[in-house]
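Enquirer: If you read the protein sequences in the order shown, they are chains W, C and D. Be aware that the first sequence starts at 1, since it is given in this note's numbering, and climbs by one per residue. Be aware that the second sequence starts at 1, since it is given in this note's numbering, and climbs by one per residue. Be aware that the third sequence starts at 1, since it is given in this note's numbering, and climbs by one per residue.
Hints are computed from structural coordinates only; laboratory data are not their basis. Treat the hints with care, since some could be wrong.
What the hints assert, rightly or not - Once the Cα atoms are required to be at most 35 Å apart in a straight line, the calculated DSBU-like pairs of lysine-lysine come out as: (1) Lys-272/D with Lys-193/C; (2) Lys-41/W with Lys-190/C; (3) Lys-41/W with Lys-23/W; (4) Lys-272/D with Lys-196/C; (5) Lys-647/D with Lys-623/D; (6) Lys-198/D with Lys-142/D; (7) Lys-7/C with Lys-79/W; (8) Lys-196/C with Lys-121/D; (9) Lys-136/D with Lys-190/C; (10) Lys-86/W with Lys-196/C; (11) Lys-193/C with Lys-201/D; (12) Lys-196/C with Lys-142/D; (13) Lys-85/W with Lys-54/C; (14) Lys-354/D with Lys-374/D; (15) Lys-54/C with Lys-34/W; (16) Lys-142/D with Lys-225/D; (17) Lys-193/C with Lys-142/D; (18) Lys-67/W with Lys-40/C; (19) Lys-354/D with Lys-136/D; (20) Lys-55/C with Lys-86/W; (21) Lys-647/D with Lys-567/D; (22) Lys-54/C with Lys-23/W; (23) Lys-34/W with Lys-67/W; (24) Lys-225/D with Lys-190/C.
Claimed, not checked - Chain W residues, not near chain C, derived (Cβ > 12 Å throughout): (25) Ser-15; (26) Val-16; (27) Gly-25; (28) Arg-35; (29) Gly-54; (30) Ala-78; (31) Arg-80; (32) Leu-88; (33) Glu-90; (34) Ala-96; (35) Glu-109; (36) Pro-110; (37) Ser-120; (38) Ser-123; (39) His-129.
The beta-carbon is built from N, C-alpha and C at its ideal position, and this holds for glycine as well.
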Amino acid sequence: MSDVILGFCCNYTSSVDVDTLKKAGLVPEGLRIKRLPCTGKLEINTLLDAFEQGAEAVFVAGCQIDKCHNLSGSQRAAKRVGYAKKILDELGIDPARLEMFFASRGETEPIVEAARHMSSVLSDAESIHR
Amino acid sequence: MIIAERKPMNEILDMISGINRLLVLGCRGCVAVCSAGGDKEVDIIASALRLGRKKAGQQIEIDTDTLVRQCDPEYLEPLKERGKQFDAVLSTACGVGVNFIADRCPGVRVLPALNTTFYGANLSSGEWIELCAGCGSCVLHLTGGLCPVARCAKRLSNGPCGGSVGGRCEIDPNVPCVWHRIHDRLMEQKQDKLLKDITPIRDWTTAGHGGPRRRIREDLLP
Amino acid sequence: MIAGSNLEQVLRSGNFAVTGELGPPKSGDFEVVRKKARILKGHVDAVNITDCQTAIVRMSSFAAGLLALSEGVEPVMQMTCRDRNRIGIQADILGASALGIKNLLCLTGDHQKFGNHPQAKGVFDMDSIQLLGMVKQMRDEKRFQCGEEIKSNEPELFLGAAANPFADPFEYRPIRLGKKVAAGANFIQTQIIYNVEKFAKFMEMVRDLGLHEKVFILAGVTPPKSLGMARYMKRFVPGLDVTDEVIDRLSDAKDQREEGINICVDIVNRVKEIEGVSGVHIMAIEWEEAVPEIVKRAGLGPRPEPQGIEPRLVSTAAIEEAVERARHEVRDEIEKELKKARSEAEASRGLLIKEKEKASSEIAGLRKELEEMKDSAARHAAEVKRLTAELEETKEKLQQAGPLEAAVGEAVGRPASTSHTGFDQGTMTEGISSGKLSPREQEALSSLNLGLKALQRVLGLNEDQFEALRRFLEAEFLLQLGQVAQPVTTAAVTPPPVEVPVAEASEEAREAETRETAVRRQKEVVNLVAKANVLLHKNKVEEALNAFKEALEIAPEDEKALEGLNKAKALLAEKEAGPAEAKEEAIPPAEGLPPCPEEFTPEEWSRKWVVRYVAMGNVRLMKGDNDGAIEAFKKALELDPGDEKAKEGLERAKTGKGIHVPEVSAEKAAAEVKEPAPEEKKEAPPTEVKVVEEKAPEVEEAAPKEEKKEAEEAPRPAPRAKLSGAPEHEGVGSLEVPGLEKETRSLAERAGSISEDLYKEPCSGSIKDVIIGDGEKAIAVGGETTLPFYLFEGDMPNPPRVAFEVLDSRPEEWPDVLTRYFDDCLDDPVKWARKCVDEFNAKAVCLSLISTDPNGADAPASDAAKIAKEVVEGVDVPVILWGCGNADKDTETLREVTSLIGNKKVCVGPLSDANYRTLGATAMAFQLPVVASTPIDVNLAKQLNILLENLGVSLNHILMDPSIGAVGYGLEYTYSVMERIRLAALTQQDEKLSAPIVANLGREVWKAKECRLPSDVLLGDQERRGVIMEAVTASTLLLAGGEIMIMRHPKAVALTEALIEGLM
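Next comes chain W alone, as it looks inside the complex (with noise of 0.2 Å):
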């Protein structure tokens, strides 16, 4: 089974179907998209709860830091993906699996090169679900 990686989305960023890119050979199989209203929503045991129920990578794509249709809403997810990777780092899990990433209104590349992104830092990394 390919590496799961889940990707929270805002509303925002590009709505192109994650298995037309797969078909594209453009991301990994295992990456799954979670679409938000607005990553500000993101709660930080959202995000632990993703790695507990099987992510192995989880990355949060969000607008533009200063461009966000919320004003500050990935500002703020961007602050507790900080924080749920110092919490990673407590457990003993790379924060490297946790990336925040700030993608332009509806461009595709940037979600391409997060799940990207996320599967090279599993590349050589050991499951954390054994």
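Starting from the known structure of chain W, arrange chains C and D on it as the hints suggest.
Expert: Quick look at chains C and D alone, frame taken from chain W:
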């Protein structure tokens, strides 16, 4: 307000090793206000512990709940029975809450999720500062309302030490010298006589050095 | 006066005070404190002892303060509130006060964060101001902080506090100083001052508050040790204002330390001028040496004589020092006295010399008188002569006249006889009294005697001295007379031929002649004795001795001479006993040679000394001591003026030409000269120099020769070439080993009357009999009822046996010294086994099936079995088949073997816990003896035996292999295990351990590196080495209880068998 902060997750994980059913119990009092032990933090802690156990390849069943306060007996009442359904209760209250559960709920194993740090105020979102030491013998009327017991590294009573430079404390340039501020305030308030008076040696029994403290108000006793 | 400390006294007397600082060590080393205290002592009035400054743990200020005090340095004990609460502080204050500490500097203390224990709990029960108040209350109100009364001996302390003029808020600093004064500070020491202007401003404010009149303020100064230190202080020490000027001065300075001191001195000079400054506090952090210099340059020295320093505790070192000081004082006192006495003695000696001079001048006067007397005697003699002539003339005239002749003759003789009687009445000696002297001479003598008597009185001489002097003078007198007055005497003695008839005349003449010789001899003796006495007086004992001897040769019974001789001998003995050591180096005066030993004639003795002097001269010449050489050669020439060597040496010495003699030989020669062995001296030709020169190279040559010989003999490592070439193979020679001499008498016989039960301790158990092999050559082992070879205690029916080891394939690692015996058969195990039997008389053979080892050749079991079969069938002696040690493979191989050999009673092994089941069953089926092998452990051995027995293998078919270590490779473990097995079997009847033991030792011995290293000088012959190792291992294991030894080298086997034979 009592300020507390979460213990590192690995410490909590060590604490709960061998425990299969855990109740993470929050408090909506001070610790919720200082974002250490309210509903949100309870969820985060629960999620993190599940993840931590999963990573270790171990199962754990975690319930969460939050009480109005853990420092009043009536809120603890249901826990007396409910707590027994768990191998342990991880309290995210201050030390008072943990103690109180231990006192009131026999048969319930209670563990602290937080370090209780000080009596402080919220400077801004996410920042708290110690302003009182709870020493039991307030001298703030002599010091312009600024506490040298809580805020001076050496708990000086008679003015700034030789390490006070530029209004900063010698132990850390980020810490203001409270005595410098007391000086300025008292001068401002034309209370400079207070600066010349010698404050005698304190009685530290009120600060807990005389043993655990207790307060009774007769008229309110049941 | 509050505490009466030196600091207080200096300050109160209006002197500008100087205090220093002493940082206790981060150890318990009191020497550090002493050393620092000594540097500061005398240059400061008191020294601050810091209290874990900057919160770094150090020796406590209390203890270090006491150490300083015991060095005579007054401490200012610093006390912080960081580390102790009010209980601890007050306790320490009482202690400090009790032990003589009189100054206390009250501080809050640096925060623990700055120290080496930042995690410590800071106490801070109070602050410095409260501390001052507390101590003041203790001192002045005699109350503890809690209010309780201090019943007696309240602490009397001069209280100090710190002030930092450079900390903020600046305007509050003087006020806070005021608080400290109000709380009880008697003196203030400020923070380090570099910014003098700011300090001056501070002082102005202090003066405005009138504080300078209430408290002594000491300005703190520190010499910056380097630019780095100054920069550090400026940047990192809070409340320290290092000015740019200081930084600039240091960075411009060539010698930063020097400049640092100058900066400090300048600051001292400036703060001294500020009103209200009562002194300086010099803090030379870890640079105590700077303090004396600063004090000196700032004109602050010398410090007032310290007062009030009374250490209650004194370090042992200080006590020792005090004792030493006292000792010195006493010594000086004694020396002074001694000097006085000496000078007095000197004075009296001077007086004595003066007296002596006086006496000698008197003697000179008397001598002169004597001379005069002699003159007058001579004159008298001339008168006599003249009168005689006149008489002759008259006689002639009277002859002509006739009868008067007789009358005249009578007239001539009488006075002589008269004078004779006169002499007898005097004190003259016999010698002289019996002499014939003219009346005038006698007259002179008697007056001489009288003079001498007078002299004796004047000089206070005792009888002996007087006697000596008198004899000397007499002798001299007589000697002179002998020349001058001889004719007269002769004339007087010779009787007038006219008077006696011719016949009687000849008789009388002879008589006269004998009498004359007797007299002469007597005179000689007297002279000699007199001379000897004089010599004795001059302390020339040896010469005196010779003179006495000479005298005694002439007159053996002369009492005076005898007495003198004895005296001289006694003196000589005394003399020799005395300065013996001094003799060696000093050259004895030529004429004063040591007394001639009995065995030498004086000539020989003198000759020896000539030789010795010459040698000595040469040695000195060699050493470059020309003067000494000249002296020596001269002495030699004095003794023998004709000695050529001495002349030559003298010449060389005078011309400054040294002689070239090698160092070694010169020393040797010197040694010879110093210890003259009489025989050597006799042999030595008179030309000693030559001997020295010639002998030296000889000695030199001889020594290396000897060394060389030693080198050849000693087993020292030979040169590389020799090593690689390896010496000729010496080998073990014949394989024959002569039998050991057997003890023929039984122990009972040898023990004599000693009761048997005193040495016998018979065992109650016995060892199993195991038979291996078939037919005639089958051997039985075991069966003992006693410890090995304890034949006096029990039976040993079967001697231990040796089995030759044969390999089933060509050995790869056997050294040549081993294979050479089997060269012709190494590839043919059958031939090899036969050779062992036929040539080396093997009683048994052990075939090692090494080829089967899976880690080695891994030959198939069937091949090995075939070989084994051939061997077993090829020899008639018992065969032990020893597997490769791999349990599985061995099982396979040995099973194969047993199926091939059928009923032949070979012994198979090794059986281990891994394969005992299968192999045990196989062996059991064919009733074969087995070797049960365990790794050096009694319990494992027993366990395996039990397992085998349980399987059905009879104990009579088990041999135990306890695992063998060769000598040097664990033999002791094997020995111990075997011994315990045997003791358990014999003394505790442990049947399970009563199997005979087989020791497969050859393989262990021959794999040791000692058996593989080639022959060399150090290790000796390789073969002998190996043989000895194998034989020693075997003999040891025999003594531990081994029954079968599996060995390799024929010689080792022969040795072992000889040992067995000898012991049985």
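Enquirer: Could you run down the list of hints and mark each one as holding or not?
Expert: Tested hints:
no.	hint	result
1	Lys-272/D with Lys-193/C	33 Å, holds
2	Lys-41/W with Lys-190/C	53 Å, violated
3	Lys-41/W with Lys-23/W	31 Å, holds
4	Lys-272/D with Lys-196/C	29 Å, holds
5	Lys-647/D with Lys-623/D	19 Å, holds
6	Lys-198/D with Lys-142/D	40 Å, violated
7	Lys-7/C with Lys-79/W	19 Å, holds
8	Lys-196/C with Lys-121/D	29 Å, holds
9	Lys-136/D with Lys-190/C	31 Å, holds
10	Lys-86/W with Lys-196/C	50 Å, violated
11	Lys-193/C with Lys-201/D	22 Å, holds
12	Lys-196/C with Lys-142/D	26 Å, holds
13	Lys-85/W with Lys-54/C	17 Å, holds
14	Lys-354/D with Lys-374/D	30 Å, holds
15	Lys-54/C with Lys-34/W	22 Å, holds
16	Lys-142/D with Lys-225/D	44 Å, violated
17	Lys-193/C with Lys-142/D	30 Å, holds
18	Lys-67/W with Lys-40/C	28 Å, holds
19	Lys-354/D with Lys-136/D	79 Å, violated
20	Lys-55/C with Lys-86/W	16 Å, holds
21	Lys-647/D with Lys-567/D	38 Å, violated
22	Lys-54/C with Lys-23/W	32 Å, holds
23	Lys-34/W with Lys-67/W	21 Å, holds
24	Lys-225/D with Lys-190/C	45 Å, violated
25	Ser-15	28 Å, holds
26	Val-16	30 Å, holds
27	Gly-25	31 Å, holds
28	Arg-35	21 Å, holds
29	Gly-54	9 Å, violated
30	Ala-78	14 Å, holds
31	Arg-80	10 Å, violated
32	Leu-88	8 Å, violated
33	Glu-90	4 Å, violated
34	Ala-96	15 Å, holds
35	Glu-109	31 Å, holds
36	Pro-110	27 Å, holds
37	Ser-120	21 Å, holds
38	Ser-123	19 Å, holds
39	His-129	7 Å, violated
Figure legend: structure checked against the earlier numbered hints; hints not met, in rising order: 2, 6, 10, 16, 19, 21, 24, 29, 31, 32, 33 and 39.
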